[in-house]
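Student: Next come the chains, spelled out residue by residue.
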Amino acid sequence: MIRVENVSYSYSSGATTVTDLSFHIQAGEFVAILGENGAGKTTTVKLIDGLLRPTKGRVLINGSDTARSRVSERAKQVGFLFQNPDRQICRNTVREEIAFGLRAVWGKKEEARIKARTQEMLDIFSFSGDEEVFALSKGQRQQVALASTLAVKPSVLILDEPTTGLDYRECTHIMNFIRDLNETEGTTVVMVCHDMEVVLDYAKRALVMAGGRLIADGSVHQIFRNVPVMEKASLLPPQIVQLAVRLGGEFSEADEAGELAELIAKKRKGG
Amino acid sequence: MTDVFQYTPGDSVLHRMNPVTKIFLTFCICMAAFLTDHLSVLIFLLFLDLMLGVIAGIPRKAFSIFRGLAKISLFLFALQALFVRRGNPVFWIITDEGLRTAGTVVLRLLVVCLPFALILAVTQVSDIANSMVQVLHVPYAYAFTLALTIRFIPLFMEEMSGIMEAQAARGIEFDTKNILKKFGLLLPLCAPLLISSMRQTGATATAARVRGFSLRTADSGYKKYGFGLVDLCAAVLSIALIAGAAWIR
Chain A
1 MIRVENVSYS YSSGATTVTD LSFHIQAGEF VAILGENGAG KTTTVKLIDG
51 LLRPTKGRVL INGSDTARSR VSERAKQVGF LFQNPDRQIC RNTVREEIAF
101 GLRAVWGKKE EARIKARTQE MLDIFSFSGD EEVFALSKGQ RQQVALASTL
151 AVKPSVLILD EPTTGLDYRE CTHIMNFIRD LNETEGTTVV MVCHDMEVVL
201 DYAKRALVMA GGRLIADGSV HQIFRNVPVM EKASLLPPQI VQLAVRLGGE
251 FSEADEAGEL AELIAKKRKG G
Chain B
1 MTDVFQYTPG DSVLHRMNPV TKIFLTFCIC MAAFLTDHLS VLIFLLFLDL
51 MLGVIAGIPR KAFSIFRGLA KISLFLFALQ ALFVRRGNPV FWIITDEGLR
101 TAGTVVLRLL VVCLPFALIL AVTQVSDIAN SMVQVLHVPY AYAFTLALTI
151 RFIPLFMEEM SGIMEAQAAR GIEFDTKNIL KKFGLLLPLC APLLISSMRQ
201 TGATATAARV RGFSLRTADS GYKKYGFGLV DLCAAVLSIA LIAGAAWIR
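Residue numbers (the numbering used here), protein chains in the order written: chain A, 1 to 271; chain B, 1 to 249.
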């Protein structure tokens, strides 16, 4: 599905760079890209979508090189949710905003289809459609941007820090929706995220970056227990994982509070 | 392109010069450009602008700004050459007077814009504001507004490029090579840019207020801006430029 082959990139200012990145993401995977600020995570997802062109190597999506086609043409296939929803939003009402993206991808001739799909997205995200977008909260604007991105039914969804600035309820609402999409529709999800709790709850695989290089690739469960990798990337695993590892033995593999509580209760009963 | 309006650290003569002298020099170069119609004088002023970039130790930046401006100038040159009807025909509908006017306008544009970009490259924006308050006795609120405007230019350019990137990712054809189509697509982007600008300026105003903006006076700055030999030479050069341009005219 997504194949990144020996990709390197450096900005003209010489700022963040990525060096010799290679990985492969299968269709339907839910992958998190982790690393401290400046590790090259956003650069990597921009390279995947073709917003940046590699200075070396190539990125293939379904076998086609992203450097050889335009980003706007790829919007049918790849949806990109930015950290700041205000960069995506350019219409006054929620309905107009969702329809605007659809018109760009499907063309103005498909007005009936666009209208139906817009209404469908409004129903899914519980908007009436007449809300003024810029008067909504950040979380709601993020939902509008997500609705607009998902309206075209992309097979790949790239999320650049989707939960930044959202409260717990808004964060859970958006992430649960994305998980459902990944599990039911088979949408491939690539997410850049600083919140390790969110990564543990939703992603299955993690790519860890440090200094523009990929330093680890594995299941989230394995990565969070790999102390040298986590230290090198200046990351801390979620508290529940830290607790499970410290308890050791049969508890060390637990990833959820409920699972850990059950194991402790069982141990107590057993004496 | 966003780094054009950003300060480049250095220790050149121009870096060390009093900001007010630099403003005066810039102002005089602009005045000289408007006082003369001689192409040779304008070419000399353009050469002087580029030399100032070399003296400041930022020749690459100076030439990069020049290249950026030259692209706009080409468009302006074509417009002027095509629409000025006076003079003798040289080729098709283009006249000798049209070519001369186009050359003068374009050279003036280059001569006037370059020093403004250069002054920002060799002077911290806060130094421009503080020296205006200290030396020229401009009220701080006005000097701060000017400084903030300059500081916001690269921020807004970055924001605009981020918005265009986000729009291209959702299927809007910002990556098209058709310039006219691109211009048409820019209109809907005014909303997000305006909203983010208002939010940023609002946040900056609040931050300035809570940090005691209203308490600031002309004596609040700790840095003193002296007037040395270099400043004297620059001032003499500035006056000579105006006198020379007026005399040759």
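Incorrect hints may have been included.
Straight-line C-alpha distance at most 20 Å; calculated EDC-like pairs for lysine to aspartate or glutamate [claimed, not checked]: (1) A:K46 - B:D11; (2) B:K177 - A:D167; (3) A:K76 - B:D37; (4) A:K153 - A:D167; (5) A:K153 - A:D195; (6) A:K108 - B:E159; (7) A:K153 - A:E111; (8) A:K108 - A:E73; (9) A:K109 - B:E173; (10) A:K46 - B:E173; (11) A:K138 - A:D167; (12) A:K46 - B:D231; (13) A:K76 - B:D175; (14) A:K138 - B:E159; (15) A:K76 - B:E165; (16) A:K46 - B:D37; (17) B:K181 - A:E73; (18) A:K267 - A:E253; (19) A:K232 - A:D195; (20) A:K138 - A:D195; (21) A:K109 - A:D123; (22) A:K232 - A:E256; (23) A:K138 - A:E111; (24) A:K153 - B:E159; (25) A:K115 - A:E132.
Label-pair ranges, simulated between beta-carbon atoms [as the list claims (entries may be wrong)]: (26) B:P9 - A:E110: 50 to 56 Å; (27) B:K71 - A:E73: 23 to 29 Å; (28) A:A116 - B:Y7: 28 to 34 Å; (29) B:A205 - A:R58: 25 to 31 Å; (30) A:K115 - B:K177: 48 to 54 Å; (31) A:G28 - B:V210: 45 to 51 Å; (32) A:T93 - B:M51: 28 to 34 Å; (33) A:G63 - B:S197: 17 to 23 Å; (34) B:F183 - A:H24: 28 to 34 Å; (35) A:R53 - B:M157: 29 to 35 Å; (36) B:V210 - A:A116: 46 to 52 Å; (37) B:I93 - A:R53: 38 to 44 Å.
For the record, the hints were derived by calculation from the structure and aren't laboratory data.
Even for Gly, the Cβ is constructed at its ideal location relative to N, Cα and C.
Student: Against each hint, give a clear statement of whether it holds in the structure.
Tutor: Here is how each hint holds up against the structure:
For the hint linking A:K46 to B:D11, the alpha-carbon distance of about 37 Å lies beyond 20 Å, and the restraint is violated. The straight-line distance between the Cα atoms of B:K177 and A:D167 is roughly 41 Å, outside the 20 Å bound, and the hint therefore fails. Taken as a hint, the A:K76 and B:D37 pair is broken in the structure, with Cα atoms around 56 Å apart against an allowance of 20 Å. Restraint check: the Cα-Cα separation between A:K153 and A:D167 comes to about 26 Å, which exceeds 20 Å; the hinted pair is violated.
A threshold of 20 Å between alpha carbons decides the hint, and for A:K153 with A:D195 the separation of about 26 Å lies outside it, so the pair is violated. Distance restraint check for A:K108 and B:E159: the Cα-Cα separation of roughly 28 Å exceeds the 20 Å cut-off, and the hinted pair is therefore not satisfied. A hinted pair counts as satisfied when its Cα atoms are at most 20 Å apart, and A:K153 with A:E111 qualifies at roughly 17 Å. Pair hint A:K108 plus A:E73 holds up; C-alpha atoms about 15 Å apart against a cutoff of 20 Å.
Note on A:K109 and B:E173: the hinted pairing holds, with a Cα-Cα distance of about 17 Å set against a maximum of 20 Å. Distance check on the hinted pair: A:K46 and B:E173 sit about 17 Å apart at the alpha-carbon level, within 20 Å; holds. Proximity of A:K138 to A:D167 is assessed by CA-CA distance (about 9 Å); at most 20 Å being required, the pair is judged to hold. A threshold of 20 Å between alpha carbons decides the hint, and for A:K46 with B:D231 the separation of about 48 Å lies outside it, so the pair is violated.
For the hint linking A:K76 to B:D175, the alpha-carbon distance of about 15 Å falls within 20 Å, and the restraint holds. In summary, the hint linking A:K138 to B:E159 is supported, as the alpha carbons are separated by about 18 Å, within the 20 Å threshold. A threshold of 20 Å between alpha carbons decides the hint, and for A:K76 with B:E165 the separation of about 16 Å falls inside it, so the pair holds. The straight-line distance between the Cα atoms of A:K46 and B:D37 is roughly 50 Å, outside the 20 Å bound, and the hint therefore fails.
Straight-line distance between C-alpha atoms of B:K181 and A:E73 comes to about 16 Å, which keeps the hinted pair within the 20 Å bound. In summary, the hint linking A:K267 to A:E253 is supported, as the alpha carbons are separated by about 15 Å, within the 20 Å threshold. Of the pairs offered as hints, the one joining A:K232 and A:D195 holds, with about 17 Å between alpha carbons and a cut-off of 20 Å not exceeded. The hinted pair formed by A:K138 and A:D195 meets the criterion: a straight-line CA distance of about 18 Å does not exceed 20 Å.
Our distance criterion of 20 Å between C-alpha atoms is broken by A:K109 and A:D123, whose separation comes to about 23 Å. A C-alpha spacing of about 25 Å is found between A:K232 and A:E256, which places the hinted pair above 20 Å, so the restraint is violated. For the hint linking A:K138 to A:E111, the alpha-carbon distance of about 29 Å lies beyond 20 Å, and the restraint is violated. A threshold of 20 Å between alpha carbons decides the hint, and for A:K153 with B:E159 the separation of about 27 Å lies outside it, so the pair is violated.
Annotation: proposed proximity of A:K115 to A:E132 holds, straight-line Cα distance about 18 Å (limit 20 Å). Restraint check, B:P9 to A:E110: a C-beta distance of roughly 54 Å satisfies the suggested window 50 to 56 Å. Taken as a hint, the range 23 to 29 Å holds for the pair B:K71 and A:E73, whose Cβ atoms sit roughly 27 Å apart. Between A:A116 and B:Y7 the beta carbon distance is about 53 Å. The supplied range of 28 to 34 Å is therefore violated.
Judged by the Cβ atoms, the range 25 to 31 Å given for B:A205 and A:R58 is violated: they are separated by roughly 47 Å. For the pair A:K115 and B:K177, the beta carbons lie near 32 Å from each other, so the given range of 48 to 54 Å is not met. Separation of A:G28 from B:V210 is about 49 Å and conforms to the stated range, judged on CB atoms against 45 to 51 Å. A hinted range of 28 to 34 Å is violated for the C-beta pair A:T93 and B:M51, which are about 55 Å apart.
Roughly 42 Å separates the CB atoms of A:G63 and B:S197, a value that falls outside the hinted 17 to 23 Å. Judged by the Cβ atoms, the range 28 to 34 Å given for B:F183 and A:H24 is violated: they are separated by roughly 40 Å. Look at A:R53 against B:M157: about 20 Å separates their beta carbons, and that is not inside 29 to 35 Å. A hinted range of 46 to 52 Å for the beta carbons of B:V210 and A:A116 is consistent with their spacing of about 50 Å.
Between B:I93 and A:R53 the beta carbons are some 42 Å apart, a value that agrees with the proposed interval 38 to 44 Å.
Checked against the numbered hints given earlier, the structure breaks hints 1, 2, 3, 4, 5, 6, 12, 16, 21, 22, 23, 24, 28, 29, 30, 32, 33, 34, 35 and satisfies all the rest.
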